[in-house]
Amino acid sequence: MPELKEIAALVGGEWRGDGALEISGIQALHRAGPHDIAFVARGRADADVSALRAGALIVAADSSIAYANLVLVADPHLAFARLLAHFHPRRPFWQGIAASACVAATAEMGAGVSIGPCAFVGERSRVGAGSEIHSGAVIYHDVVIGRDCLIYANAVIRENVAIGDNVIIHPGAVIGADGFGFGRTAEGAAVKVPQVGRVIIGNGCEIGANTCIDRSTIEETVLEDNVKLDNLVQIGHNVHIGRDSAISAQTGISGSTHVGAQVIMGGQVGVADHIRIADGVMIAAKSGVTGTIKSRTIVAGIPHQEIGEWRKNMVLARNLAAMREKLRLLEKKIAKMEEK
Amino acid sequence: MPELKEIAALVGGEWRGDGALEISGIQALHRAGPHDIAFVARGRADADVSALRAGALIVAADSSIAYANLVLVADPHLAFARLLAHFHPRRPFWQGIAASACVAATAEMGAGVSIGPCAFVGERSRVGAGSEIHSGAVIYHDVVIGRDCLIYANAVIRENVAIGDNVIIHPGAVIGADGFGFGRTAEGAAVKVPQVGRVIIGNGCEIGANTCIDRSTIEETVLEDNVKLDNLVQIGHNVHIGRDSAISAQTGISGSTHVGAQVIMGGQVGVADHIRIADGVMIAAKSGVTGTIKSRTIVAGIPHQEIGEWRKNMVLARNLAAMREKLRLLEKKIAKMEEK
Amino acid sequence: MPELKEIAALVGGEWRGDGALEISGIQALHRAGPHDIAFVARGRADADVSALRAGALIVAADSSIAYANLVLVADPHLAFARLLAHFHPRRPFWQGIAASACVAATAEMGAGVSIGPCAFVGERSRVGAGSEIHSGAVIYHDVVIGRDCLIYANAVIRENVAIGDNVIIHPGAVIGADGFGFGRTAEGAAVKVPQVGRVIIGNGCEIGANTCIDRSTIEETVLEDNVKLDNLVQIGHNVHIGRDSAISAQTGISGSTHVGAQVIMGGQVGVADHIRIADGVMIAAKSGVTGTIKSRTIVAGIPHQEIGEWRKNMVLARNLAAMREKLRLLEKKIAKMEEK
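Chains as they are written, first to last, in the working numbering: chain A, 270 to 609; chain B, 270 to 609; chain C, 270 to 609.
Honestly, the hints are just simulated from the structure, not real lab data.
One thing to keep in mind: the hints can contain errors.
No copy is singled out in the list; a pair is fine if it fits within one copy or between any two copies.
To be verified - Straight line, CA to CA, 20 Å or less: simulated PhoX-like cross-link-like pairs of lysine-lysine:
1. Lys595 to Lys605
2. Lys274 to Lys605
3. Lys595 to Lys581
Every value quoted in this text rests on a predicted model; they were computed, and no experiment measured them.
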């Protein structure tokens, strides 16, 4: 069991109190016992910790929280993430290549790759060293997957998709399905436009469960490094998403839109096609983004507005009855004046 | 073929007319023939039944509908459900454990469990008596599944998830994928927070197709007994949903939110994180719930309002042009008065 | 390599310039090289083509674009689709029936059917000639699939579903899961209504990745011929969709609603239950359609309005602060007048 001082070293922080205290695990604040460590988020510097039973707390270095045993760090949330990984090392799903997996003769497997039962890897596909492909995942032909990736059960990766290193693809995600492209005959019948482009996913990306990323019609749909997508997200064909952007559940980005780096979107956002979102933009949940956003700003609403404007209008929109009442009163007064 | 009087007994109702009429099936009102029974919903007590060909009708006990053969019950909808089950008994997907299923040596199977071809059950997982796991479903390690559950094809249940008795999980649903948790470095890079908590699903729950329920970061995501989720729903990490709540398709509940019992949500609702929804609340489709709802009420809108307020404001919002016109008129009149 | 004049013949167009120019492929405008052909969309008749390197351009017959080598057609987008198919013929996923596929003894396979590894086809199901069923797809019992269909990996088709010819079902789509139907006991407990109806899908339909189409309670959920559904769409039980309609990602149609022919819906639209949408209606992204739409019109908003009305109201809703300011000014002026 690591001691508090070892924990402090692990997260690059300083300890206060009993450096020899043995820490057996990390827990939520209100559940932590005498040998657990827990964390107090940076914004909660005023948290009441008097009733806690935790052995030690991780707090922000500039926090004024008083507690018997502390670890002081720049960012408690990141330290928490680090300790979760330390106390809960991931166990591999499967060892080696399962007998019931179907791996094409021309596929290339790196060292230490594991392929679960009933998974499929197609012709000429390459899986980098240390990557895991779980049961029922289907990797079509001519796919490239980097090192140390984690492809969960029943995910599907269509042909010609390229995936970087350290990518996590959650169960049921579909990468590289056909983009939604149709022409119309003069009579209005829908005619499919074949989708022969690719999807390219950078290093360190994470793709949520049942999320869909469509292949481009003829070019590439691109996620730069470290993009994080939540569950049930829809990424249209030919979309480009910049590095470190994070997109919450059930959001959809329409075709050919370019999203900058470090953009953050809430859930159920919709973004129109063929527009640009600047680096660092934040989009509130349920917004409908209908046009290009040129500078680092926060937006909300359908159609989107700068969030301060949106809040003002929202308050007014919820009090329209009062506004109409005032208007009626004025109408009456003026009518009376006109009579005179 | 059961007779009308037997049907009445089955649904705990009273019959009128020819109790010996043979009933061969249950049908939609306008399709029912002389040996079919159909139902008239409680709220349709004024339905015109003169043109129907149905052999018999199930109606509310206090209905004034006149028809040759009737079954009178307290709730025709529930009687309809009962008869559908009677006339359409579910047939098992597979008998026993398929040769191509992969069931770990340390997994425990209850009596009469059936596991379809190419399904997977991991180490130490337990499947209760009478449960069915269909083709391609993947049950990771250390999962507990109760009795008489129905896990449809290609559903995925991640490690350490616990599922009660009589639970139905529809195709493609993903239970226990990582919650969407990230920290940010000072430079803005996203850093994954490992998600090591669990999902616990009570007895009698139903999880729709391609719906996702994320595992908690460190605690539990919980569905109490008899919660019903439609398709493509997103349940964030650490969410808690009370018993008998029903959530329609494409709705999303953000992390750590607590939903009470018998809550009903329409489709495409979004609920913010870290809030509480009281028992019995009803939320209209497409609403955006941004804060705690303390009492049994009906809400609608983005952000949500009490539904009566929302309706009033909606009507006004759709007639803003008229309001502006009135305002202009007043401005003119006053300008004229000021001139004098 | 086909010559320009052959390309023109293929798309039913006329060529200008060097009819013997060899065309090796089709590319996006700005990427096309001296042996590629690219297309200029009809609405872009004023496009600046001076810097392009493309060997030839496909343009609308009435376009005034001047370029060395041209193919003139009625609809460049349709010609583009035709050439994409020509230059990128689809390669089959698998040849014949894989050893690890599980095909029931009573299932009937047409000529040239291919079934990928670990796919499942149930009792009495029929798969038409030339159809492909990819790895991990699960076709339950008593399903009918027509000719030349393409069922991608891990799609699921429940029992008694009927699918026409030339249908494409993308990965993870779920056809025929139970509709979301519940009764409530007097105490408020949810009681499942069994869903014993069917889904019927016409010829030429395309169903997006992870899209869900629920089976009807007792009748049929129907997609007429050539309906196109994007990813993550939800079609409720007993819905009927007319031919050539196209529905974008993350849209949901509630139960028993009837959608006409050639209806177009944007993404994240929600449509209420038991309503009718006339032929040719267009619904903007993120709209909430709450009632029947009787004539061919374009609507937007929540609740939906005719799009012109919606735009006017939206502009006003975004400028409520200005309206309130004017109101305040009038109030002051009138108060002053009254004082006198």
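Here is what the structure says about each hint:
Both within a single protomer and between protomers do Lys595 and Lys605 lie at most 20 Å apart by alpha-carbon distance, with minima of 15 Å and 16 Å respectively. In this assembly of identical chains, Lys274 and Lys605 lie within 20 Å of each other by CA distance neither inside one copy nor across copies; the values are 82 Å within and 74 Å between. In this assembly of identical chains, the alpha carbons of Lys595 and Lys581 lie at most 20 Å apart whether taken from the same copy (19 Å) or from different copies (16 Å).
In terms of the numbered hints stated before, the structure departs from hint 2 and from no other.
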